[in-house]
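Sequence lines, in order, name chains V and G.
Numbering of the first sequence is given in the numbering used here, commencing with residue 1 and proceeding in unit increments.
Numbering of the second sequence is given in the numbering used here, commencing with residue 1 and proceeding in unit increments.
Which residues of chain G face chain V? A partial, calculated answer using Cβ under 10 Å:
1. ALA107
2. ILE110
3. VAL111
4. LEU121
5. THR122
6. LEU247
7. SER276
8. VAL285
9. LEU288
10. PRO294
Label-pair ranges, simulated between beta-carbon atoms:
11. V:ILE184 with G:PHE263: 42 to 48 Å
12. G:HIS73 with V:PHE277: 26 to 32 Å
13. G:LEU21 with V:ALA239: 35 to 41 Å
14. V:PHE297 with G:PRO294: 31 to 37 Å
Far from chain V by the CB rule (all over 12 Å, computed), these chain G residues:
15. ILE8
16. LEU11
17. ILE162
18. ILE175
19. TYR198
20. SER199
21. PHE265
22. LEU297
23. ARG302
24. PRO310
For the record, the hints were derived by calculation from the structure and aren't laboratory data.
Using N, Cα and C, we set each Cβ at its ideal position, and we do this for glycine too.
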Amino acid sequence: MELGPYILLATLEGMITASVLALTAVGLSLVFGVMRVVNIAHGEFFMLGAVIAWCVAQMLGGHPAVGFAAALVIAPLLVGSLAIAADMTILKRLDYDPERTIVATIGLLYIIQQLTLMSFGPEARPVQPPFNTRIALPWFEMGADGFKLIWPWGLGTTTYKLFVIVAAAALLLAVRLMMTRTKIGLLMRATQADREMALAFGIPVERIYALVFGIGAGLAAMAAVLIVPIQQAHYLMGADPLLLSFIVVIIGGLGSLPGTVVAAILIGLSDGIISVFFSPTLAKILATLLVGLVLVFRPQGLFGIRSV
Amino acid sequence: MKVVGLHIGLLAVLFALQFVLPAYHHGNLARIMVLASYAIGYNILFGYTGLLSLGHALFFAAGMYGMGLGIQHFDLPAAPALIAGVVSAALVSGGLALLALRTTGVAFMIVTLMFAQAGYLTILYFGEWTRGDEGFVIAQSARMIAGIDLSDPTNRYFAALILFSICLVVCLWLIRSPFGKTLIAIRENEERVTMLGYSTFAHKLGAMVVSGTLSGTAGATYGLLFGYAGASFASVQYSIFPLLWVLLGGAGTVLGPFVGTLFMFYLIDLSSGITSAYMLIAGVVLVLLTLFAPQGLMGELRRRFWKGLP
Numbered sequence: 001m002e003l004g005p006y007i008l009l010a011t012l013e014g015m016i017t018a019s020v021l022a023l024t025a026v027g028l029s030l031v032f033g034v035m036r037v038v039n040i041a042h043g044e045f046f047m048l049g050a051v052i053a054w055c056v057a058q059m060l061g062g063h064p065a066v067g068f069a070a071a072l073v074i075a076p077l078l079v080g081s082l083a084i085a086a087d088m089t090i091l092k093r094l095d096y097d098p099e100r101t102i103v104a105t106i107g108l109l110y111i112i113q114q115l116t117l118m119s120f121g122p123e124a125r126p127v128q129p130p131f132n133t134r135i136a137l138p139w140f141e142m143g144a145d146g147f148k149l150i151w152p153w154g155l156g157t158t159t160y161k162l163f164v165i166v167a168a169a170a171l172l173l174a175v176r177l178m179m180t181r182t183k184i185g186l187l188m189r190a191t192q193a194d195r196e197m198a199l200a201f202g203i204p205v206e207r208i209y210a211l212v213f214g215i216g217a218g219l220a221a222m223a224a225v226l227i228v229p230i231q232q233a234h235y236l237m238g239a240d241p242l243l244l245s246f247i248v249v250i251i252g253g254l255g256s257l258p259g260t261v262v263a264a265i266l267i268g269l270s271d272g273i274i275s276v277f278f279s280p281t282l283a284k285i286l287a288t289l290l291v292g293l294v295l296v297f298r299p300q301g302l303f304g305i306r307s308v
Numbered sequence: 001m002k003v004v005g006l007h008i009g010l011l012a013v014l015f016a017l018q019f020v021l022p023a024y025h026h027g028n029l030a031r032i033m034v035l036a037s038y039a040i041g042y043n044i045l046f047g048y049t050g051l052l053s054l055g056h057a058l059f060f061a062a063g064m065y066g067m068g069l070g071i072q073h074f075d076l077p078a079a080p081a082l083i084a085g086v087v088s089a090a091l092v093s094g095g096l097a098l099l100a101l102r103t104t105g106v107a108f109m110i111v112t113l114m115f116a117q118a119g120y121l122t123i124l125y126f127g128e129w130t131r132g133d134e135g136f137v138i139a140q141s142a143r144m145i146a147g148i149d150l151s152d153p154t155n156r157y158f159a160a161l162i163l164f165s166i167c168l169v170v171c172l173w174l175i176r177s178p179f180g181k182t183l184i185a186i187r188e189n190e191e192r193v194t195m196l197g198y199s200t201f202a203h204k205l206g207a208m209v210v211s212g213t214l215s216g217t218a219g220a221t222y223g224l225l226f227g228y229a230g231a232s233f234a235s236v237q238y239s240i241f242p243l244l245w246v247l248l249g250g251a252g253t254v255l256g257p258f259v260g261t262l263f264m265f266y267l268i269d270l271s272s273g274i275t276s277a278y279m280l281i282a283g284v285v286l287v288l289l290t291l292f293a294p295q296g297l298m299g300e301l302r303r304r305f306w307k308g309l310p
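This is chain G alone, in the form it adopts within the complex (with noise of 0.2 Å):
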């Protein structure tokens, strides 16, 4: 009861934020809602299931140019192109989930991210129907759900919430399902949960394309909300990203990667301000959170003050 009030009650904290946030802040928070959502997605493959990818930008792009390229050369309207963003997500994490799933461990991150290099020197390579590096803007036309126009801040404001709601609810639900508990057995001892009988490979194949979907519905809903598709969402960075994000939120938690996204989000931005090279910052908070705190923050919070959150 109390882990659904917590939840309910950030969303709700979410809702009622728009009305009190100058308009800087309120863009912002509705695109860190759309990443944290890519970091809930990043985050069941890898703080619940134990496999650590180097490739989720892949699922994200695959989302986005899904949906992008439905748009520019099948015009498509926003809605249909949103499932079909989803779908290829979906598609392309499957796929990769059965050739990447054979292996484990270094091989596993290696592959994942040798794929998703693959894939983003693919979109490089097509250029003249990705634009590549340069990527192309989504006609504000184009962006319009049964009447509404998504480029509007509030309306913004309101898609990235209830992406995120969505993300975090399916989050609560799958972890608390016998299907997620399996994930996070599998995560704690893999031989034991092949020997109690359960098929490991199956559910990690599960676990692998909900991760995806969920990654490439927040890439296509990105698209869909700021109007840009761009090469350089799949690159190695925006695999890197959610990996740090939930790192700083703490793995394995449904909280942490909303947590790590905002720090994350707001320290590269104050930073941004300062020098040009701000991935640094990126760089020192990888290194001292893996040497000094590995469970990230909602991780701490959790061993100090409440064994139960989930």
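With the rest of the complex left out, here is chain V (with noise of 0.2 Å):
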């Protein structure tokens, strides 16, 4: 292939990077904004989210279709569930300190890893996507007879690819509306805004607080249902994803939904483009140098107006 139709691949790929990682992050995004918590153990709710789907789809057989659809549904609710019983009975006793919040759920970390490693087994199991026709995609060429559109080999997508945009897309949408027009994202970004003053308004604040966990946790798993049926469900997938919605957050500044989507395309795009080019270790040692130097440098992120 020529150099022109590869990018474009790149750039669909990254595009399918992009819209999971912005489901991720906004959910990490949305537990660091409302509760001050910096959330470690976000990727392991994530691989758990893949590993539900997995189970689902073995579970009631038949059409991918069918489990993908369960699965979709299951995995953030059971995930979200998870989340608010680690939230009622860890990070609430924390009295949500950041020092020592970010301690415990290293530990969870650890917990949800080891217990998925030891009854799901060390194996990568793939998980049928519900659809998955190909699309090939056309170039165009200035040849000598002028412009002309053709069909290069190994250019294509799939469409199961393009749901993937599309779904994250929406959800996304949908988590914007909650915030803004919704009564309980009013309650959020009341919390957000000044805790105590939420609390003397009667808001039940460590309620919004367990919701908002759920909320960001069920995000994440839902993110890896999307992406499993191109990925595979492994025990230790949730490394990535969580390094990725780090760099995300921090680059589009923390707590800030609209900076983290932008980061994330910026990132995604980025990240498909770039180890196009370069070895992937090197696009990740520069990817976390950049977020350890933003960080340092510019403490509320590129896109954010608050610092941490």
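Dock chain to chain to rebuild the complex, using the hints, since each chain is given by itself in its own frame.
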């Protein structure tokens, strides 16, 4: 392939990374924004979503679409309830102290990861996509006889991949609507703005916290259900989404949802395109250094207004 | 006096133990003493200065690779290689401190985590030199200092004990010096220390370099004594371990790191016989500690029985 179609392909792949990443990172950002809790176990909630998707698909059998649709509902609910339970038993008792909650969520990370290893096993397991028709993509060429469309071999995508992008966009829109248009979103924003004042106005802050933690984990699980037919479910798969979400949330400005989405698209796209030219390890080194340096020199993030 | 007696007593017990312990536990204890030295280094920053770093594996690995690469690629003898390891840890910790200390709280934790992760990935990236995940074995012929073969169990135990004693004494001396007292004051109330006219930045910088150098010394010694350097020692897990050990033993106590390492080592050692998911224990202990005993074992001891325990 020539360079042009190659970049188009990388952009498409990048868009998929970006949309799943945006969902995961918005979950992390929501939790940080409202609760001021850095959830290191966020990647494990993502992993649990993928693992549950596999289990549901196995149990239901039949057409892949049935299992997929069921997983899209069951996984976020289960993972969300687990997160709410963790919030009520652990985080609440720590009084949401930032440093101690980090240590506790590190512990939670290992607990979830190792329990999955013990029950689900160390193998990577595939999940069938609900539909997967190949679409060939055209590319233009300026030949001797002028402008024409060609269909280069290998340039294409699948309906499922396009669906992932659309579904993620819809979910992000739903989160935005929830935050801006509903009562519960209003309560969340009030808690985020001033916890004490919210308490004084009779907002059940602790229940809001539990809910936010659940929604954050549920978003990660949903992102994982979307991506698992493309990747595979594995007990260590939480590490990369966690790192990337961190990068996105920090570059986008901690706790700012629009900034998070913009940064996710930026990172997702550049991740796809950079890894065409550089080795993935080098790309990761640059990304981690970028996060560190942004936090040191521009703690409010590239788009954000608030600092940590 | 009681304090000095306690620490000399512990070292004497450790010295005597090597004559009675069976070979397996003898080897374990040597390993524990080296890892406890790492934890002592970590404790100076976390326990006494109040800075929670999630990137100490970077310093441990800087020491280990400074030493290992020196032997592997520059044919250094063991002693200069060890010094190279210590120096590289000091440089790396100084460099990271200059950047990371511009931040506080959660940002400090994430910055140290990110730079350590970048360091880990760098080791993987230069796999041609470092052999990446697989690591490299340090030849037995290179592990000799002044004609003493460090791969021999008895010598290894002595070397580990010497390292541990040095770290313990340095830590005890440091926290009783004016410098150490200032560090503790920074942990308790940084604004007030600034107002009293101390440069908190300089003190934190000093604490981080001492902490990183001790950790790196432990890393270099670990590589030398056990003959192996690998990228897994630079991974996040090795940044979490000293945190776990120190939290378990008691942050801000001199003996806490050793007690925590000892407990955790045997806890994992016992459970790895039952399941391969031994990190589960680490996770459960971390959560339980933050919930019920943020002071750790020695911290509880200090709170209940012996107020003056350093």
